[in-house]
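Chains as they are written, first to last, in the numbering used here: chain A, 12 to 329; chain B, 12 to 329; chain C, 12 to 329; chain D, 89 to 191; chain E, 89 to 191; chain F, 89 to 191.
One or more hints might be untrue.
Claimed, not checked - To give an idea of the chain C side of the interface with chain F (calculated C-beta under 10 Å), a few residues:
id, residue
1, Phe173
2, Ala177
3, Asp209
4, Arg234
5, Arg235
6, Ser238
7, Ile283
8, Ala284
9, Pro298
Because the hints were derived from the structure by calculation, they are not lab data. Glycine is no exception: its CB is placed at the ideal position from the N, C-alpha and C atoms.
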Amino acid sequence: MIELATSNLLSPMVLFFVLGLSASLARSDHSIPEAIAKGMSLYLMMAIGFKGGAGVAAHGVDRTLVLSIVAGLVLSASIPVVAFRLLTGATALSRVDAAAVAAHYGSISIVTFLAAMQALDTTGVRYESYMVAVAAAMETPAIIVGLWLARNGATQLGRGTFREVALNGSIVVLVGSFAIGWITGPEGLKSIAAFIVDPFKGVLCLFLLDMGVVAGRGLREGRRSLSSGLIAFGIYMPLIGACLGIAAARIVGLSQGGTALMMTLCASASYIAVPAALRLALPEAKPSIYLPLSLGVTFPFNITIGIPLYIYMASLFP
Amino acid sequence: MIELATSNLLSPMVLFFVLGLSASLARSDHSIPEAIAKGMSLYLMMAIGFKGGAGVAAHGVDRTLVLSIVAGLVLSASIPVVAFRLLTGATALSRVDAAAVAAHYGSISIVTFLAAMQALDTTGVRYESYMVAVAAAMETPAIIVGLWLARNGATQLGRGTFREVALNGSIVVLVGSFAIGWITGPEGLKSIAAFIVDPFKGVLCLFLLDMGVVAGRGLREGRRSLSSGLIAFGIYMPLIGACLGIAAARIVGLSQGGTALMMTLCASASYIAVPAALRLALPEAKPSIYLPLSLGVTFPFNITIGIPLYIYMASLFP
Amino acid sequence: MIELATSNLLSPMVLFFVLGLSASLARSDHSIPEAIAKGMSLYLMMAIGFKGGAGVAAHGVDRTLVLSIVAGLVLSASIPVVAFRLLTGATALSRVDAAAVAAHYGSISIVTFLAAMQALDTTGVRYESYMVAVAAAMETPAIIVGLWLARNGATQLGRGTFREVALNGSIVVLVGSFAIGWITGPEGLKSIAAFIVDPFKGVLCLFLLDMGVVAGRGLREGRRSLSSGLIAFGIYMPLIGACLGIAAARIVGLSQGGTALMMTLCASASYIAVPAALRLALPEAKPSIYLPLSLGVTFPFNITIGIPLYIYMASLFP
Amino acid sequence: MKTHPKKRIEIMVEAPLVARVLALLDEQNVSGYTVLPAIAGRGRSGSWHRDGLVGQAGAVVQIFCVVDDSRVDEVLEPLFKLVSRQIGIVCVSDVQVIRPDHF
Amino acid sequence: MKTHPKKRIEIMVEAPLVARVLALLDEQNVSGYTVLPAIAGRGRSGSWHRDGLVGQAGAVVQIFCVVDDSRVDEVLEPLFKLVSRQIGIVCVSDVQVIRPDHF
Amino acid sequence: MKTHPKKRIEIMVEAPLVARVLALLDEQNVSGYTVLPAIAGRGRSGSWHRDGLVGQAGAVVQIFCVVDDSRVDEVLEPLFKLVSRQIGIVCVSDVQVIRPDHF
Ligand SMILES: Nc1ncnc2c1ncn2[C@@H]1O[C@H](COP(=O)(O)O)[C@@H](O)[C@H]1O
Ligand SMILES: Nc1ncnc2c1ncn2[C@@H]1O[C@H](COP(=O)(O)O)[C@@H](O)[C@H]1O
Ligand SMILES: Nc1ncnc2c1ncn2[C@@H]1O[C@H](COP(=O)(O)O)[C@@H](O)[C@H]1O
Ligand code: NA
Ligand code: NA
Ligand code: NA
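Pulled out of the complex, with its shape left as it was, chain A reads as follows:
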């Protein structure tokens, strides 16, 4: 475990994240243009989706794939309920704010997922290539449940909002690339591997540098707006999510690597899709609570400590 944690903490990926975080906390003027951040994010979505789809084309569809997606949907919908209970019990958040925060923890962070995949690759643990489809499936259900919790059981997600949420840019690229990878298979993957496979890890490092800067900004904002109870929630909630994830993974029958990824998905909190959806559907929830918590607390925790922990936990049940 110690070894795993050290090797993760000393990987270029995590070090670049820490560099960005430290620069941001030291108030360096370092900044990555929005367009570059979006471009890298687009690249990562395309690459991860395509590789996942090509993997499925190579290994075929099996029962576990379907079960994993169902498990993901169920987890994404039920984790917010757990989070909501904890928040209304242990913090002074209003009902609406608690529901908003809860929705974030049911949904997922793709970058955390990518970092976990990369850590598995480095340690040589294999995982199911369709896990990226599970990730995509987990993005939205939490939002619907979160709104339902906020409205005291009365969902009010209009059709317009639903389309805005379901067709948000990154989901479209992720799922679309997955489909294209599936259709064109390993042949297709080979033809663009020099773009989406070889430089992938390097781009991820640069993106994590950027995410470090952004997370540092979130942390600085959070120091003002978050109570210590909330900050604690931002750290123990991922662990609870991970435990739910490991249980589901064992029921479904995922491999060791797949289990670690499922745990990571459950442990991670959204900071792109859910905030945007909530600003439309639940404007009375305060972004100054959910954004710093997800981005400034949970995200750094997962990248540095969470991921090696989940990999270690998954390895205990071979």
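Since the structure of chain A is already known, use the hints to place chains B, C, D, E and F with the ligands on it.
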């Protein structure tokens, strides 16, 4: 032919284009920042120009090169006349609008050209590396002829406008990189191949995703502003262009691959250089006609159906 | 020498720079979005820092490393004094403007440094991988000395300004990546080599195309605002810097390649860090003097003629 | 030159809401509008900065729309209803235009 | 603080024309101008969006220029001639500045 | 709709100085501000263009801040002191807002 069409339609390149197009038609908020689109376009121009120039350095200049460029200039200047006749005969466009549309079809779309080259590479058909110089040569003459048609035979392209048109950014990078590739030769190409050769196809896929989104936006606009006669023109005009292209290619003596590329150049319509030039030199022509037609109708037609058709037609005359 | 100069001038790198410069002087509308330029710059900083750090991890720290950094600090602080003397003697600049210009020549231009490294790579001359740390060390001292000269010996660099200068974005990425490269070593380098090593030269070419455009803009501005005495200074000052650099390199005991790099660092003038710092700390100095001089005169001189000259000079003292 | 008075409505609104604001302006049949980017800001609900961001949440965008005096209230009322619970501000100012028929 | 009245001329014009507008402002010897980006918009000639675009056609850019009252007509007349057939709008509004000699 | 008069302070200032201007606005307890990008311009100290640039020097950025009439002088005085030696301009204009308590 069927096989060729299927393999083209199921290539990652075309599938990414279709993904972007569908996302845009489904009104997904997916979008690629302008800076990233420009960066990719710059990269593609640099890569294609450099490779072309290095190819010429390797194989030497021959008579066909000069003849092809002459043929390109003649086609770029004469296709607008054909298009203009058809438009004034078959549609209700004003003289000025007909001339503006005609200019677009005499000029070329570099991305369509790139997609055709990639399709040839995939099927293993070889082509002359200087075709990129032909493409560059075909960009401008159509504009001058278009203005001449609009003004009823009285060209009025001021010197200032001419420089703005001739020195537009993408032409400079394309021609400049061609020259640099020629000067530094295969040696130079090798030194930067890891940047401009290996990831090329992947970048093109991402760029076509973006172009799909943009074309979809054009199509949506076009549904409102284009008559069915014009939409039909956007599909039969490329075929007429391709026929003129095949004739010229046979006279000049191009290889099978070169013939397919020449056809593609003639069939494609500009949506960058010509619109910008016309806004300066012919502001009374309506962009709401020529932009959607070129971008929303002809461009998708060429990428999906046109290119395999032209390759097939070129293969009939070996 | 002639051979070296020709091979440098005919390298893709320099030719792309010349392309950008010519396009800009011909007032082509060619332009690279700011975000893309920043993204490339970020990439280059990350790559060069990481490679340098990994190099140090591989070869270990020795006495020369420490001595070289000390030499860099001393040169960065003393070159402005020389430049200031020359400027107040030979030009009509005010004290403040002379000090501002002097500060630029004590500091360094990373892109010039990268071009020199690339030229050495091409000719196969080896150099110390820690030279990038020397470059980082030389960025700031010149600014402090410049302010001291401007204020007639009374430094007035507030703490806030100092942090703004010392923590400016590119220094953070350069030094941070160096540290990460050092920590993760050749293993880390291998894991992201497909991103930071293979395409490096190609990205540098594209970046130099952009720098050519920017330098051309500087040159055009400079034609109006610079006296011929100042333009001459922009060409002989690098040579003086290079001579100081060669002396220091020989005392320290750098290799032939390291000597050429040290000369290049001394010869190059800042156009990013120093101008920004001076706008904060010395607003009365005119940017219309120091920017065109550094960017439009010295930078092109170094890229085209300076670098092969310094490499040649370094080779005379083996 | 003869100029004609009009009103310029300026809306700073969080990015996820832009599509709805534009749809509302379309519904109100305003003659046109323009969306401008912003890079950073601060308001009652904290500060924000676009640099490095991928998502839309936490960004604010500016929309302006020149309309005839007579139409200001018609546009402002539904607009205010739409954005009143959201992050952002709305200002109105006087401008002169050359071609009154354009608006 | 004492402030002095000036006029702010604001020009929304399609991107390919920007160079010409700036050249005209240079000719008119205005003391300065600034070009601002825009990301989307709608007018009589349809709607546009910068995202994903490579070319200049179909984009609109904003130029503003603060001038002395006395110079407004001098600047507006040739400007209007230049842009009247093009896509875009021109507005004028009142501003106060601190350093009147600057303009 | 009932609107309330406020002042819009607009500051064009060179990019390296933005952090200081914002810090000053924070100190003055203004209710908010927004930073807008600019892409090119010309003034007494020459012309500039963002394209292709990496560094901050030579760029100008726009900051605007809507404040109550009563606060204009309080804000302008230190602001003017800060930017008077720098490249840039400051303008003030009238605007109407809907929610006066917001500012
Ligand atoms: N007084 C103001 N002046 C200029 N911009 C403002 C002002 N107040 C708010 N804003 C902008 O509107 C955004 C949202 O404001 P708020 O709803 O007060 O948080 C801020 O982040 C600023 O970008
Ligand atoms: N009333 C308006 N308010 C704000 N912007 C406008 C208005 N009318 C036109 N514009 C802008 O100017 C561009 C060209 O307008 P038009 O010439 O009417 O198509 C539009 O796409 C908008 O960006
Ligand atoms: N009269 C003006 N109208 C609009 N923008 C201006 C004006 N004067 C200056 N600017 C802007 O402010 C910047 C700095 O102005 P200056 O200090 O005069 O060089 C210029 O580069 C322009 O972007
Ligand atoms: Na989760
Ligand atoms: Na054509
Ligand atoms: Na130097």
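Quick check on Ala177 (chain C) please, does its C-beta sit within 10 Å of some C-beta on chain F?
violated (14 Å)
Restraint outcome when Pro298 (chain C) is required to lie within 10 Å of chain F by C-beta distance
At 6 Å from the nearest chain F Cβ, Pro298 (chain C) passes the 10 Å test, so the hint holds.
Ala284 (chain C) as an interface hint toward chain F, with CB separation required under 10 Å:
holds (7 Å)
Interface hint outcome for Ser238 (chain C) [beta carbon to chain F under 10 Å]
Given a least distance of 16 Å, the restraint on Ser238 (chain C) is violated.
Interface hint status, Phe173 (chain C) versus chain F (Cβ within 10 Å)
violated (14 Å)
Chain F contact restraint on Ile283 (chain C) - CB to CB distance below 10 Å
It holds, given that the least Cβ distance between Ile283 (chain C) and chain F is near 3 Å, below 10 Å.
The hint names Arg235 (chain C) as touching chain F; please verify it with the least Cβ-Cβ distance against 10 Å.
Interface hint status for Arg235 (chain C): holds (8 Å vs cutoff 10 Å).
Hint check: is the beta carbon of Arg234 (chain C) less than 10 Å from a beta carbon of chain F?
violated (12 Å)
Holds or violated: the hint that Asp209 (chain C) contacts chain F, with Cβ atoms closer than 10 Å.
With a closest approach of 23 Å, the Asp209 (chain C) hint is violated.
Checked against the numbered hints listed earlier, the structure breaks hints 1, 2, 3, 4 and 6; every other hint is satisfied.
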